[in-house]
Structures are given as C-alpha cells and as structure tokens.
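Novice: Please model the entire structure based on the sequences and the hints provided.
2 protein chains.
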Amino acid sequence: MKNYNKCKVADEARIELHDKLALTGAEVSINTLLAGTSVPFVHSHKQNEEIYAIVGGEGKAVMDGQSVELKAGDWLRISPSAKRQFFASDEKSLSYICIQVKENSLENYTMTDAVV
Amino acid sequence: MKNYNKCKVADEARIELHDKLALTGAEVSINTLLAGTSVPFVHSHKQNEEIYAIVGGEGKAVMDGQSVELKAGDWLRISPSAKRQFFASDEKSLSYICIQVKENSLENYTMTDAVV
Chain G
91 MKNYNKCKVA DEARIELHDK LALTGAEVSI NTLLAGTSVP FVHSHKQNEE
141 IYAIVGGEGK AVMDGQSVEL KAGDWLRISP SAKRQFFASD EKSLSYICIQ
191 VKENSLENYT MTDAVV
Chain F
91 MKNYNKCKVA DEARIELHDK LALTGAEVSI NTLLAGTSVP FVHSHKQNEE
141 IYAIVGGEGK AVMDGQSVEL KAGDWLRISP SAKRQFFASD EKSLSYICIQ
191 VKENSLENYT MTDAVV
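Chains as they are written, first to last, in the numbering used here: chain G, 91 to 206; chain F, 91 to 206.
It is possible that some hints are incorrect.
In this list, chains with the same sequence are indistinguishable; a pair is considered to hold if it fits within one copy or across any two.
[Claimed, not checked] SDA-like, lysine to any residue: derived pairs with alpha carbons at most 20 angstroms apart:
1. K150 / D164
2. K98 / D180
3. K92 / T114
4. K96 / H133
5. K136 / V206
6. K92 / N194
7. K110 / G155
8. K136 / T114
9. K136 / C97
10. K173 / D154
11. K96 / A172
12. K161 / R174
13. K98 / S185
14. K161 / N95
15. K150 / S183
16. K92 / E193
17. K150 / E197
18. K150 / S128
19. K92 / K150
20. K92 / N198
21. K161 / D101
22. K161 / G146
23. K110 / T200
24. K110 / T122
25. K173 / E102
26. K150 / E193
27. K96 / N121
Since the hints were derived computationally from the structure, they do not count as laboratory data.
Specialist: Rendered as structure tokens:
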C-alpha cells in the first residue's frame with residue numbers, strides 16, 4: 091500500500107472518503123443539508139462512535155429525543171446506540187464532517203503513539 | 091457514559107478533542123501553523139493512521155521525503171510508518187484537522203453498521 095493518499099473535495103451534497111483515501115480506521119463523509127431539510131431517517135450504529143464537526147451554516151441534532159442547536163465550530167461525539175437525526179435550519183444550510191470509528195478501538199495516541 | 095458530548099472550538103494554535111469529547115475511537119486535533127512556520131519535528135506513528143483535512147490557507151506536507159502541496163479542501167491519509175512534517179507557506183497560515191485512528195480498526199461502516 092502507498093504510504094499516503096490525497097484527494098480534493100469539491101462542493102457536493104455528500105462525499106465519502108473511505109475508498110477515495112483507502113482508509114482503514116475510519117469512514118469520513120462530508121455532508122451538506124440544504125435549508126429546511128434533514129437527513130430523512132433516524133439512525134443509530136452497531137459498533138461505531140460518530141464524531142461530527144460542524145463546518146458551516148446552522149441547524150440541530152436530535153439525539154435520543156434531545157435537541158441540540160449546532161453552528162460552525164461545534165463538535166459532537168455520539169455513542170453508537172444513540173438514535174440521531176440532523177436538520178438544517180429553515181434559513182441556512184448545515185455543512186458537517188462525519189467521522190465513523192469503532193468504539194473503544196483507540197489504544198495509544200499523540201505522545202504514546204508517535205515516534206519522533 | 092452520556093450518549094453524546096458537545097464542545098465549541100475557538101481560534102487557538104492547537105486544540106485536542108479526545109478528552110473534551112470523551113472520544114474512544116480517535117483523537118482529533120485542530121491546528122494552525124502561522125505563515126512561514128512548520129511543525130518543529132518529523133514524526134511517524136506506531137499504530138495510528140492519520141487523516142488530515144486542510145480547512146484553510148496553504149502549505150505542504152513532506153512524507154518520506156516527498157513534498158505534496160496543500161490547500162483548503164485537500165484530504166490526506168498517511169500510513170503509520172510514513173515520516174511526515176507539515177509546513178505553512180511563506181505567505182499564508184495552514185489550518186488543518188488531524189484525525190488519529192488505529193490502522194485496520196474499522197470493521198463495518200455506514201450501511202453495514204447503521205441501524206435505521
């Protein structure tokens with residue numbers, strides 16, 4: 091396997107990077123919900139923790155019935171079992187990065203995993 | 091454990107989210123290198139794949155001696171063993187998200203991990 095892969099992300103409703111970058115430890119998607127729209131279903135996960143970065147616009151997440159307002163600069167971790175749905179606001183689109191990783195899979199990181 | 095955690099990221103040179111969000115499958119950091127500066131060391135990893143999202147500015151990564159130009163919208167996967175160093179350009183800062191995950195830890199994702 092190559093030691094690295096690079097790709098360029100353009101403006102699309104949804105882009106998935108797993109195959110584009112040959113990822114082995116995560117799936118990463120980049121998503122935009124247009125104003126007044128939502129992900130059309132509630133979902134949870136079997137194994138995967140999700141990490142969301144809000145990169146533009148505004149909206150909300152509803153997690154196990156609890157609504158949380160979101161705007162650029164907000165980050166969320168969501169446990170696999172939580173039932174979640176994302177909504178753009180009525181006035182603005184909501185753009186976000188979603189990172190899926192297997193819960194409890196990280197062993198070491200930064201200073202304990204790096205070789206300098 | 092709570093079913094979710096949220097935090098707000100402000101402008102800082104480096105922010106680490108593992109503890110702020112109680113992450114268990116990744117470490118995520120948000121970084122800015124000022125124009126004309128670089129990460130002051132070359133590093134590789136023992137176990138972790140790194141995924142980089144360039145979110146602003148421009149610069150380059152040098153990976154195993156190979157230089158790759160970077161600007162907003164670029165994404166990279168880097169294998170654990172690759173020796174890497176990041177540089178802002180002389181004129182602009184370089185802002186990026188770095189995601190550390192254990193190589194080969196992802197089993198299922200999206201349709202094979204979701205419960206709808």
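Novice: Against each hint, give a clear statement of whether it holds in the structure.
Specialist: To see whether the hints hold, each was checked on the structure:
For the homomeric pair K150 and D164, the shortest alpha-carbon distance inside one copy (11 angstroms) is at most 20 angstroms, but the shortest distance between copies (27 angstroms) is not. Proximity of K98 to D180 under the C-alpha cut-off of 20 angstroms is found in neither arrangement, the shortest distances being 30 angstroms within a copy and 22 angstroms between copies. Only within a single protomer do K92 and T114 lie at most 20 angstroms apart by alpha-carbon distance; the minimum there is 13 angstroms, versus 27 angstroms between protomers. Within a single copy, K96 and H133 get their C-alpha atoms only as close as 30 angstroms, which misses the 20 angstroms cut-off; across copies the closest is 19 angstroms, which meets it.
Only between protomers do K136 and V206 lie at most 20 angstroms apart by alpha-carbon distance; the minimum there is 11 angstroms, versus 36 angstroms within a single protomer. With identical chains, the CA atoms of K92 and N194 are at most 20 angstroms apart between copies only, with a shortest distance of 15 angstroms across copies and 27 angstroms within one. Neither within a single protomer nor between protomers do K110 and G155 lie at most 20 angstroms apart by alpha-carbon distance, with minima of 34 angstroms and 23 angstroms respectively. For a Cα distance limit of 20 angstroms, the shortest separation of K136 from T114 qualifies both inside one copy, at 18 angstroms, and across copies, at 15 angstroms.
Taking CA atoms no more than 20 angstroms apart as the test, K136 paired with C97 passes in neither setting, with 29 angstroms inside one copy and 24 angstroms between copies. Within a single copy, K173 and D154 get their C-alpha atoms as close as 5 angstroms, which meets the 20 angstroms cut-off; across copies the closest is 42 angstroms, which misses it. For a Cα distance limit of 20 angstroms, the shortest separation of K96 from A172 across copies, 14 angstroms, qualifies, whereas the shortest one inside one copy, 32 angstroms, does not. In this assembly of identical chains, K161 and R174 lie within 20 angstroms of each other by CA distance solely inside one copy; the values are 17 angstroms within and 32 angstroms between copies.
In the homo-oligomer, the alpha carbons of K98 and S185 lie at most 20 angstroms apart both inside one protomer (17 angstroms) and across protomers (16 angstroms), since each shortest distance falls under that limit. Taking the shortest Cα distances, K161 and N95 sit within 20 angstroms of each other only across copies (15 angstroms), while inside one copy they are farther apart (30 angstroms). Taking the shortest Cα distances, K150 and S183 sit within 20 angstroms of each other inside one copy (11 angstroms), while across copies they are farther apart (31 angstroms). Taking the closest pair of Cα atoms, K92 and E193 come within 20 angstroms of each other only across two copies (14 angstroms); inside a single copy the shortest separation is 27 angstroms, beyond that limit.
In this homomeric assembly, K150 and E197 never come within 20 angstroms of each other (Cα to Cα): the closest approach is 32 angstroms inside a single copy and 29 angstroms across copies. For the identical chains of this complex, K150 and S128 are intra-copy neighbours only, at 9 angstroms inside a copy versus 36 angstroms across copies, given an alpha-carbon limit of 20 angstroms. For the homomeric pair K92 and K150, the shortest alpha-carbon distance between copies (18 angstroms) is at most 20 angstroms, but the shortest distance inside one copy (39 angstroms) is not. In the homo-oligomer, the alpha carbons of K92 and N198 never lie at most 20 angstroms apart, since the shortest distance is 23 angstroms inside one protomer and 23 angstroms across protomers.
In this assembly of identical chains, K161 and D101 lie within 20 angstroms of each other by CA distance both inside one copy and across copies; the values are 19 angstroms within and 15 angstroms between. Taking the shortest Cα distances, K161 and G146 sit within 20 angstroms of each other both inside one copy (7 angstroms) and across copies (18 angstroms). For the homomeric pair K110 and T200, the shortest alpha-carbon distance between copies (15 angstroms) is at most 20 angstroms, but the shortest distance inside one copy (25 angstroms) is not. Taking the closest pair of Cα atoms, K110 and T122 come within 20 angstroms of each other only inside a single copy of the chain (19 angstroms); across copies the shortest separation is 25 angstroms, beyond that limit.
In this assembly of identical chains, the alpha carbons of K173 and E102 never lie at most 20 angstroms apart, being 26 angstroms within a copy and 32 angstroms across copies at closest. In the homo-oligomer, the alpha carbons of K150 and E193 never lie at most 20 angstroms apart, since the shortest distance is 24 angstroms inside one protomer and 32 angstroms across protomers. Taking the shortest alpha-carbon separations for K96 and N121, both the intra-copy value of 19 angstroms and the inter-copy value of 19 angstroms come in at or below 20 angstroms.
Comparing the model with each earlier hint shows violations of hints 2, 7, 9, 17, 20, 25, 26; every other hint is respected.
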